[in-house]
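In case you want the letters, here they are:
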Amino acid sequence: MRRILAAMAVIMAGPAAAQDSRVTTDQVTQRAIARAGGSVADTMQSGDSNKADTVQSGSGNVATITQSGSGNVAAINQQGMALRAEGTQQGVGLGYSI
Amino acid sequence: MRKILLASVALIGLSGAAFAGGNVAYIDQVGGNNNAETMQTGVGGSAYGRSEGNGNTLRQTQSGARGTVDAQQWGNGNTAVSTQSNANSGKVEQRQNGDRNAATAKQTNTIFDSTITQHQSGNDNRATAEQLSVSASRISQSQTGAGNEAIAYQGLVGLSQITQGQNGIGNYANSKQENGVSLTASIQQTGNYNSAVTDQSGLVNQAGVMQYGTSNYARITQR
Numbered sequence: 020m021r022r023i024l025a026a027m028a029v030i031m032a033g034p035a036a037a038q039d040s041r042v043t044t045d046q047v048t049q050r051a052i053a054r055a056g057g058s059v060a061d062t063m064q065s066g067d068s069n070k071a072d073t074v075q076s077g078s079g080n081v082a083t084i085t086q087s088g089s090g091n092v093a094a095i096n097q098q099g100m101a102l103r104a105e106g107t108q109q110g111v112g113l114g115y116s117i
Numbered sequence: 087m088r089k090i091l092l093a094s095v096a097l098i099g100l101s102g103a104a105f106a107g108g109n110v111a112y113i114d115q116v117g118g119n120n121n122a123e124t125m126q127t128g129v130g131g132s133a134y135g136r137s138e139g140n141g142n143t144l145r146q147t148q149s150g151a152r153g154t155v156d157a158q159q160w161g162n163g164n165t166a167v168s169t170q171s172n173a174n175s176g177k178v179e180q181r182q183n184g185d186r187n188a189a190t191a192k193q194t195n196t197i198f199d200s201t202i203t204q205h206q207s208g209n210d211n212r213a214t215a216e217q218l219s220v221s222a223s224r225i226s227q228s229q230t231g232a233g234n235e236a237i238a239y240q241g242l243v244g245l246s247q248i249t250q251g252q253n254g255i256g257n258y259a260n261s262k263q264e265n266g267v268s269l270t271a272s273i274q275q276t277g278n279y280n281s282a283v284t285d286q287s288g289l290v291n292q293a294g295v296m297q298y299g300t301s302n303y304a305r306i307t308q309r
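Going down the list, the protein sequences come from chains A and B.
20 is the number of the first residue of the first sequence in my numbering; add one for each residue after it.
87 is the number of the first residue of the second sequence in my numbering; add one for each residue after it.
It should be emphasised that the hints constitute simulated quantities derived from the structure, not laboratory data.
Treat the hints loosely; a few may be bogus.
Unchecked claim - Residues on chain A that point at chain B, a partial pick, calculated with CB under 8 Å:
no., residue
1, 64
2, 66
3, 102
4, 105
5, 107
6, 111
As the structure is a prediction and not an experimental result, all values here were calculated from the model.
Where a beta carbon is used, it is the ideal one built from N, C-alpha and C, also for glycine.
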């Protein structure tokens with residue numbers, strides 16, 4: 020019984036910690052960032068003819084740009100070590116550079 | 087001057103300087119081109135300012151912990167300036183309705199659990215918020231209309247947040263957090279031709295931008 024309660028406590032602690040986050044970063048990413056001592060940048064754009072830039076310098080950083088629409092442009096520039104960049108675009112006439 | 091007197095009625099209650107803890111000051115302005123100022127020193131002070139009309143200025147200054155500053159203005163071309171120093175658990179709230187208004191809020195020196203909240207509705211407004219030497223503190227700005235600017239700055243800061251929301255056309259949001267740890271900055275914009283710029287320096291920081299509309303621009307810089 021004690022084991023079950025302990026397991027439930029661990030499971031319930033996950034969502035509670037996630038609710039403290041005020042940005043769109045998921046919990047797994049946050050943990051990764053915390054371990055790396057770095058930073059995370061999320062950009063989400065919905066619509067046409069939008070532009071997004073992310074510039075990061077340092078270590079352990081993560082950058083994500085998500086765009087949906089037409090004629091959007093995204094760029095991620097990272098300098099440092101153990102960096103990760105993700106880009107997702109949906110639509111036509113898109114441009115992306117990492 | 088005569089025109090000002092004829093056009094406006096200013097009711098100023100408990101204004102001027104108050105030097106003790108737990109003081110409460112009220113300013114109520116009706117009319118145009120009025121200027122009012124309050125200064126408070128002590129713990130738990132409260133300053134409330136209201137103005138209806140155009141071209142009015144509210145200045146509120148506090149020094150001490152657990153202070154509250156509240157400024158609300160209706161009309162065009164109004165200015166609200168709220169400053170708190172040595173203000174642990176201090177709260178500043180500014181609300182403006184109209185066009186071409188300016189709201190400025192500043193909290194300085196060893197601030198813990200302090201908050202600046204700014205709301206503007208109308209066009210061509212500007213909200214500026216600044217927190218220096220803070221921890222576990224927050225800046226929240228929201229604007230509705232066109233051609234508005236929201237500027238937020240936190241320096242020497244930890245475990246703190248900046249949240250900016252704009253709804254309309256041609257708006258600009260800028261947040262900057264310097265020399266900090268565990269900071270979050272989020273900008274949400276709905277509409278067209280909006281710009282969002284976020285700059286962070288330090289460790290374990292997070293920045294998020296969400297934009298809905300066309301011809302928007304977002305830039306995140308982390309150093």
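>> Checking each numbered hint in turn, tell me which of them this model violates, lowest number first.
In response: 3, 4, 5, 6
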